[in-house]
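Engineer: Produce the entire structure from the sequences given, and follow the hints as far as they go.
Here the protein sequences line up with chains E and L, keeping their order.
Residue 48 in my numbering is what sits at position 48 of the first sequence, and the numbering runs on without skipping anything.
Residue 69 in my numbering is what sits at position 69 of the second sequence, and the numbering runs on without skipping anything.
Because the hints were derived from the structure by calculation, they are not lab data.
Don't take every hint at face value.
Simulated DEER-style distance windows between Cβ atoms [said to hold, decoys possible]:
id : chain 1 : residue 1 : chain 2 : residue 2 : range
1  : L       : A59       : E       : P5        : 36 to 44 Å
2  : E       : A176      : L       : L129      : 38 to 46 Å
3  : E       : F9        : L       : G134      : 15 to 23 Å
Keep in mind that this is a model prediction, so the values were computed, not measured.
The C-beta atom is built at its ideal place from N, Cα and C for all residues, glycine as well.
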Amino acid sequence: MKRGPVVLFGGLVSVAVLVAVLASGFQHDPHEIASPMIGKAAPDFSLVALEPSATGGEQVVHLAAQRSTPVVLNFWATWCIPCQQEHGTLLAVAREFGDKARFYGLVYQDKPEAIDAWLKARGRAYPTLIDTGSQAAIAFGVYGVPETFVIDKKGVIREKFTGGVTFQGMASLLNALIAEPS
Amino acid sequence: MMLLLSFALAQPPEDPPAAEPAAPASEDAPALVPTVAPDPTPIVGPPAGPPRTGAELDAATRQIASQLRCPVCQGLSVADSPSESAVAIKKEVERLASLGYSEEQCLFYFEASYGEFIRLEPKAEGLNLLVWGGPAALVLVGLGIVGWMRLGGRKTAPARAAVDPALAPYVEQVYAAVGRGPS
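Structural biologist: Dropping the structure here:
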C-alpha cells in the first residue's frame, strides 16, 4: 500500500474529528453549565430577611413552608452589574405575579448596609434574604450572580436562569407553573 | 471551555466584604443569621462515620477540599483558593466532615448541586474515560503509525535500476567509497 493516500486519509479523519468536536462545542454557550438541580427537590433553608415582618419583628423565611405557590429565588449582590440591569425586570415580574408566586432575593457575599442602600436607590418588591456563609448558594450550586431558580408548587426546581432574566421568559414560565395543580 | 464560566457571571470583588453579622438597622432589625443550614441527609443519607474534631477534622477537610474545584477560579482547588466562594465551600466541607460525613459523601453532596464540574478530577467512567485513556491511546496510535511507516518504507523502497555491465566497475567503486553495497 502506498503511504501517501493513507497519510492523507488519516489526516482528513483527524481534521474531521477535530471539526466535529469544535462544532459541537460552539453550539453551547460556554457561560452556562446545565444545573443538575433541575427536576430535583429544592434544598430547604431558613434565612432571616433584611426587612422586618408585618408586625415589625424578625422575618424568617423557611423555603419548605412556601409550597402551594411557585417560588422565585434570585441570587444577587450589590457589586454585580448584571444584577443592577435585571433588577427592574424582576421588580416588574414580581408586581405582575406577586399575588400568585413568591419572590425572594438572596444576597450573595455582600454587606447588609450596602444592600439596604442599594435597594433604597432602586426599589424593592419582595423580601431580601441574607445568605450568611453562602450556605444556601452552595446548596443550590450557585457559581456566580445573578442566578435565578424557579421552584414549582411541589417544591421542585423547574428552571435556572444564569445571568439576567427577561420579563417574557419569566412570565411564560410562571404562567405555566401557576396553571399546574398544587 | 468550561473554564470560561468564570467570565459569565459577576464574581465577588478582589477584596470582598468579610462575612460578618449584619449591623441592625433598628432595634427590631433581624440578627441576620441563618437559623437552619441546609441538611445534606436527603441527598447523601446519614453520616457514614462518627463526628470528627481536631487534627482529624483538619486533615479530612483539607483532603476533601483539595478535590473540589473553586467555582470562580481557573484550575484551583477549593483548598488552594483564597476567594470568598472557595472559603465558603471549605467551611461547608468542614461542617459536613465534622458531622461525620465521609469523603465520598461530601464530594457527592457538592456534585449534586454543582454538577461533576465541581470535581477537580473527573471520575474515570463513561465518556470521562476519553480524558483518562485518550492521551495514552493517541501515543500508541502515533507509535503505530511511525512503526508502520518505517516498516512500509523499507518494503516500498524503489528497486535499484539494473546496472549497465559497462558501468558496473565504477558503480562498485562508488559503493566501496561510501561503505555500502547494493541492497
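Engineer: So, for every hint listed, does it hold in this structure?
Structural biologist: Going down the list of hints, with the structure as the test:
| no. | hint | result |
| --- | --- | --- |
| 1 | A59(L) x P5(E): 36 to 44 Å | violated, 59 Å |
| 2 | A176(E) x L129(L): 38 to 46 Å | holds, 39 Å |
| 3 | F9(E) x G134(L): 15 to 23 Å | holds, 21 Å |
Of the numbered hints listed earlier, the single one contradicted by the structure is hint 1.
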